[in-house]
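Residue numbers (this note's numbering), protein chains in the order written: chain A, 1 to 314; chain B, 1 to 314; chain C, 1 to 281; chain D, 1 to 281.
The set of hints was computed from the structure by calculation and includes no laboratory data. Just so you know, these numbers come straight off a predicted model, no measurement behind them. Nothing false has been slipped in among the hints.
Straight-line alpha carbon distances no greater than 30 Å define the calculated DSSO-like cross-link-like pairs of lysine-lysine that follow:
| # | chain 1 | residue 1 | chain 2 | residue 2 |
| --- | --- | --- | --- | --- |
| 1 | A | Lys-230 | A | Lys-150 |
| 2 | D | Lys-149 | D | Lys-83 |
| 3 | C | Lys-220 | C | Lys-196 |
| 4 | D | Lys-91 | B | Lys-202 |
| 5 | B | Lys-202 | A | Lys-290 |
| 6 | B | Lys-14 | B | Lys-230 |
| 7 | B | Lys-202 | A | Lys-230 |
| 8 | A | Lys-290 | A | Lys-230 |
| 9 | A | Lys-14 | B | Lys-202 |
| 10 | A | Lys-202 | B | Lys-290 |
| 11 | C | Lys-149 | C | Lys-91 |
| 12 | C | Lys-220 | C | Lys-91 |
| 13 | D | Lys-149 | D | Lys-91 |
| 14 | A | Lys-202 | C | Lys-220 |
| 15 | A | Lys-202 | B | Lys-230 |
| 16 | A | Lys-202 | B | Lys-14 |
| 17 | A | Lys-202 | C | Lys-91 |
Which stretches of chain A does chain B cover? Using the computed rule of at least three CB atoms under 8 Å from a CB of chain B, they are:
| # | stretch |
| --- | --- |
| 18 | 185-196 |
| 19 | 203-211 |
Backbone N, C-alpha and C define an ideal beta-carbon position, used for all residues, glycine too.
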Amino acid sequence: MVDLSVQIGDLRLKNPIMPASGTFSEDLATMLDINTLGALVTKTITHGIRQGNPTPRVCEVAGSMLNSIGIPSKGVDYFRNVTVPYYQAYDSPLVVSISGNTTDEFAQLCEAVSVPGVAAIEVNISCPNIEEDGKAFAMRPSSTLDVMRKLRAATDLPLWAKLTPNTGETSDVARAAQEGGADALVVCNTMLAMSIDVQSRKPRLGNLMGGLSGPSLKPIALRMAYQCAKAVDIPVIGCGGISTTEDVLEYLIAGASAVQVGTATFINPTAMIRIIAELEAYMVAYNFSKMTDIINSVRDEEAADTVVFMETAP
Amino acid sequence: MVDLSVQIGDLRLKNPIMPASGTFSEDLATMLDINTLGALVTKTITHGIRQGNPTPRVCEVAGSMLNSIGIPSKGVDYFRNVTVPYYQAYDSPLVVSISGNTTDEFAQLCEAVSVPGVAAIEVNISCPNIEEDGKAFAMRPSSTLDVMRKLRAATDLPLWAKLTPNTGETSDVARAAQEGGADALVVCNTMLAMSIDVQSRKPRLGNLMGGLSGPSLKPIALRMAYQCAKAVDIPVIGCGGISTTEDVLEYLIAGASAVQVGTATFINPTAMIRIIAELEAYMVAYNFSKMTDIINSVRDEEAADTVVFMETAP
Amino acid sequence: MTVAVVDVTPGIVPANEQVFETECQVISNSPVNNDYRLLVLAAPAEILNCTPGQFFHLQCPVREGLQPYLRRPMSIYGYFPEKGELQFLYKIAGTGTAALATLAPGEPLNVVGPLGQGFDIRDDWQNLLLLARGVGLATLAPLALEAHKRGKTLTAICSARSPEMLMSIDYFRDLGANIITVTDSEETSGLENLEKLIEGLIATNGIDAFYTCGSNRLLKLLQTLGARHNISGQIALEQQMACGLGMCQCCVRSFQSPTGIVHKRVCKEGPVFDLQEAMGW
Amino acid sequence: MTVAVVDVTPGIVPANEQVFETECQVISNSPVNNDYRLLVLAAPAEILNCTPGQFFHLQCPVREGLQPYLRRPMSIYGYFPEKGELQFLYKIAGTGTAALATLAPGEPLNVVGPLGQGFDIRDDWQNLLLLARGVGLATLAPLALEAHKRGKTLTAICSARSPEMLMSIDYFRDLGANIITVTDSEETSGLENLEKLIEGLIATNGIDAFYTCGSNRLLKLLQTLGARHNISGQIALEQQMACGLGMCQCCVRSFQSPTGIVHKRVCKEGPVFDLQEAMGW
Ligand SMILES: Cc1cc2nc3c(=O)[nH]c(=O)nc-3n(C[C@H](O)[C@H](O)[C@H](O)COP(=O)(O)OP(=O)(O)OC[C@H]3O[C@@H](n4cnc5c(N)ncnc54)[C@H](O)[C@@H]3O)c2cc1C
Ligand SMILES: Cc1cc2nc3c(=O)[nH]c(=O)nc-3n(C[C@H](O)[C@H](O)[C@H](O)COP(=O)(O)OP(=O)(O)OC[C@H]3O[C@@H](n4cnc5c(N)ncnc54)[C@H](O)[C@@H]3O)c2cc1C
Ligand SMILES: Cc1cc2nc3c(=O)[nH]c(=O)nc-3n(C[C@H](O)[C@H](O)[C@H](O)COP(=O)(O)O)c2cc1C
Ligand SMILES: Cc1cc2nc3c(=O)[nH]c(=O)nc-3n(C[C@H](O)[C@H](O)[C@H](O)COP(=O)(O)O)c2cc1C
Ligand code: FES
Ligand code: FES
Chain A
1 MVDLSVQIGD LRLKNPIMPA SGTFSEDLAT MLDINTLGAL VTKTITHGIR
51 QGNPTPRVCE VAGSMLNSIG IPSKGVDYFR NVTVPYYQAY DSPLVVSISG
101 NTTDEFAQLC EAVSVPGVAA IEVNISCPNI EEDGKAFAMR PSSTLDVMRK
151 LRAATDLPLW AKLTPNTGET SDVARAAQEG GADALVVCNT MLAMSIDVQS
201 RKPRLGNLMG GLSGPSLKPI ALRMAYQCAK AVDIPVIGCG GISTTEDVLE
251 YLIAGASAVQ VGTATFINPT AMIRIIAELE AYMVAYNFSK MTDIINSVRD
301 EEAADTVVFM ETAP
Chain B
1 MVDLSVQIGD LRLKNPIMPA SGTFSEDLAT MLDINTLGAL VTKTITHGIR
51 QGNPTPRVCE VAGSMLNSIG IPSKGVDYFR NVTVPYYQAY DSPLVVSISG
101 NTTDEFAQLC EAVSVPGVAA IEVNISCPNI EEDGKAFAMR PSSTLDVMRK
151 LRAATDLPLW AKLTPNTGET SDVARAAQEG GADALVVCNT MLAMSIDVQS
201 RKPRLGNLMG GLSGPSLKPI ALRMAYQCAK AVDIPVIGCG GISTTEDVLE
251 YLIAGASAVQ VGTATFINPT AMIRIIAELE AYMVAYNFSK MTDIINSVRD
301 EEAADTVVFM ETAP
Chain C
1 MTVAVVDVTP GIVPANEQVF ETECQVISNS PVNNDYRLLV LAAPAEILNC
51 TPGQFFHLQC PVREGLQPYL RRPMSIYGYF PEKGELQFLY KIAGTGTAAL
101 ATLAPGEPLN VVGPLGQGFD IRDDWQNLLL LARGVGLATL APLALEAHKR
151 GKTLTAICSA RSPEMLMSID YFRDLGANII TVTDSEETSG LENLEKLIEG
201 LIATNGIDAF YTCGSNRLLK LLQTLGARHN ISGQIALEQQ MACGLGMCQC
251 CVRSFQSPTG IVHKRVCKEG PVFDLQEAMG W
Chain D
1 MTVAVVDVTP GIVPANEQVF ETECQVISNS PVNNDYRLLV LAAPAEILNC
51 TPGQFFHLQC PVREGLQPYL RRPMSIYGYF PEKGELQFLY KIAGTGTAAL
101 ATLAPGEPLN VVGPLGQGFD IRDDWQNLLL LARGVGLATL APLALEAHKR
151 GKTLTAICSA RSPEMLMSID YFRDLGANII TVTDSEETSG LENLEKLIEG
201 LIATNGIDAF YTCGSNRLLK LLQTLGARHN ISGQIALEQQ MACGLGMCQC
251 CVRSFQSPTG IVHKRVCKEG PVFDLQEAMG W
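Please take these sequences and the hints and turn them into a complete structure.
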């Protein structure tokens, strides 16, 4: 018998496959039984109502996409009154992604979403912090530690910290998140990027710049997930460019305990259930009985530690 | 008449197309007349003889590649005695890329390569600085400023500073390089990434991690080139994922005064001469007479300044 | 101008409770005229439970030099559960549609749908006016068929650059529609002429509802006429899409609402919207 | 173990002063047996100025689900300037070669070459021994043809998993080669048997040079025999490549040299190297 379940802190997930924030909503239930997923992660919400960025909010780049959705949000009341009750019908744990412009606002929201029906809180600390010139909390170890401490104090629910690939201090930020009280790390969010329409000379996104996601992001995000798994003791949830079962295995082997699938769902809405089935078939074929047989099984023994923590490529 | 020439500080290039360091050598002369190129940029050299990284040094990822060549180098004497004389046969300016493990070693090398026949020095400050835990000089504004000042003092030749996309402080690093005396910025080097072979569970590169180059890098490098062009007054030379004439135009429109073509030459060794011809045809077709008609013509007026300098994507 | 967020509750009834990701087979894919091509797919009946105005999200094929990544939204031109056929009428606009044009009979095409909210034909509406140009005809064709089935009286104003570019005229005629063609080359497609034409139709037979799509110019005209004569109307709109399912919120547009301007998702609350709520762009 | 850098000067004479990026046309591309396929291209004479042992760098086509990015190096199996043909014998190993296998007659294939240093046949070498297994035969085939043209005496030991997998036997036979086949299924391909065989050949006719490729096992055996009997030899090696032209330095391997271990580029100083300098892996 093959057991696909994985442990993320105190939470047991029936399998390691879940959607990435912002690429999933209850609308996916029109395409598949979302109860088959390891967890259900909401789009990031903010405390108040927000409109999001100007359109166009999305554009295509070679084999991948950019988005500048921003965080349109219906606010915390809507979340508590409508979203949470909606997900009661499912037993896959509900993970709410939240964000705030200031540490205090963030912590307040964290407390406000700590209601029955919510299994974990994913804190999107990759969003701009207006107290630090708009730099995301997760750009620096110090601001990461600071916000995580306040968030930790605000809730008893498991806290997943979502990191950004835009920092040059991945390992230090990961350690700061752990020190600040994170129960898991989600690695990672989109990478800041740009595209210009040569005909009109206008940036292709209404917001000028946006986040790169999809296959192009994978080698970068995988590297970060690997660095984080080496740097901390809490579970790492890999995210970035996953579209096949092989991609999932790459993250698990690199040290991730679970993964999030984002953009791939836009291309193939049923990608996650196909991956879950293929993962099970793979384990049967290779005689693995549990996920920990795969997780962190990377054969990097030959390499020096200094290499593992390098922060640049020559 | 169409004039393709561009000005990079005191240097006038016959056209804005040149190879990226490490993706070009005299061997390309077997395929095309390298004298048609705007400049000739060498692989990075170090002061002493170096062996480079273990193999495999290259692997393929979705639509792009990773490399961990390292900097195998025959040293400065070989450069002065063999390389410089070799390039005397060409009138395209010779740009030598150099790197050092410490500020002093770097500056010494900078002085040592300042010989007749060398038109400019590209300083690869994206390489690890052993005085700062192996963090590349260009990861931080302070180490950038520091090394650029010493390099500036070591030579009278034009200094091009090559930045890394692995930093979270692009605009600040760009400004530091300018303040330190750079005559131009090359934006940018490869992005730290990883790939694992799922069958063997081994990292696909002998060095575990390596640099992402090719089309996947383009939206990231273009964003950096745009940020740098906004941040500094010296010319920006765009680099990253260029394989078509449209890609070149995107960089020029974003504010780059010239571009470097790297990985694309591996796929189509004659890519650069094709691009030069197409660029000329484009200018004729659109009635442009000089490159400054295109450079920095991005229509970003509608967007707020705060957006331009944002360092993260929500 | 204050812009509020989408005021759509998850309680909204989706047009289809179930949406399918299906591999269909190409039956034919050939040019209709210089600009447009008709793609006919063999499709299982389960995905042909469509409403006129809905769309599918197509995974265009990957070819040397043509490597679309995201899906491309395409209105349903025809859906025929009886013979298991799904049709799209499209124009080559860029990478995705150029790749689509390379599909040969027998090749597979992965489609997601049916998606979005289609047109509404209220029982008390009898005289319907369709106003379309170019690819808009693709969107209105199944509406015409449905209207015909329901015994409505149909007038279709078809606009194009030149008479040769007019499409689907026979299709509309076979449905018993009263056809009026206007073209740029004959200088009959201007707003003034259209306004006169439609005012004439309203005066003679009366019109209960307008249906249109795409053009900002036509939207404004019909909004004015609709307001003037208190005639209902619907418009199908386009916007860049990623998911097509309502999840990513990239496809929003602004709409007038009693509480101010709101954002709605073209893929989910649309692509068909109330004519008066729609805003120009 | 100290590893020095490549000690190659730019002064080295490249095998070809001019290398071409050329779009060829596929003449045929069909299976030779279960594992191998033969690709025949129509190629202009200018790129057929080859030496046995050289290779081309192929831009494999892009297909749905098969999207190779880098070029793939492939030994020249045959080059025929008279009839304008270039041939490759290949095995499907992954994405690139799988894509290559989809090429239909008439389709274009972009090739870069000829590249690298080929085999050397010294005038004072008369009795040549070729030892190859699997795709190694592809590399040695043009060498056999050239040796035949130069009137050399050729012995070819062909190794394979089973008799059905043996390839190009007729090709070698037509060149007048003395053929010895060894297979795993007949248990004749083991090192011990090979050593006995080759010692026999040396004892009877004498051998002036060994030529082999690829296998570590065969390399070691021939190095031992070569050292024992003072017989020269050459080996063609493989390594991951990006540029194929000598620019990127990703394809290095370690070699013995009088000054210690040095790195050489398989694409430029190779792919053919001196047998005794080559190091196992
Ligand atoms: C609901 C809906 C129904 C449509 N129905 C039809 C139809 O029946 N026939 C038809 O020919 N076209 C239709 N379109 C437009 C069609 O989707 C675009 O022409 C197509 O996506 C262009 O893709 P491309 O790769 O060829 O062009 P590119 O310009 O290369 O596309 C680049 C990107 O922009 C997006 N894009 C470009 N134009 C549009 C557009 N007008 N609307 C939305 N996204 C766009 C593409 O999807 C792609 O992501 C419809 C659009 C929508 C939103
Ligand atoms: C000089 C030279 C001559 C060759 N001649 C032949 C030949 O005549 N017939 C033949 O069948 N094969 C030959 N090979 C091996 C052939 O290049 C590989 O089988 C092929 O590159 C595999 O590509 P893939 O995408 O199918 O496999 P994948 O495993 O998907 O390839 C992944 C990457 O690894 C590289 N790679 C994989 N295997 C090799 C290898 N053995 N050597 C170098 N790079 C590799 C690929 O080029 C690609 O970049 C030769 C290799 C070299 C270096
Ligand atoms: C359209 C879109 C919207 C997103 N919105 C959010 C968000 O609200 N909060 C968040 O933490 N990440 C958001 N992300 C990032 C994803 O959760 C994920 O980290 C990223 O896309 C990388 O994964 P992928 O390559 O599998 O898509 C969004 C991504 C996309 C493409
Ligand atoms: C094989 C390889 C070797 C490289 N070596 C160097 C180097 O020695 N010095 C350097 O500054 N950049 C080096 N680079 C980075 C390139 O100069 C360039 O910045 C990067 O590849 C992005 O451009 P591209 O996407 O066009 O390749 C190397 C890149 C590759 C692919
Ligand atoms: S396209 Fe994703 S919500 Fe409409
Ligand atoms: S493959 Fe680039 S040097 Fe050999």
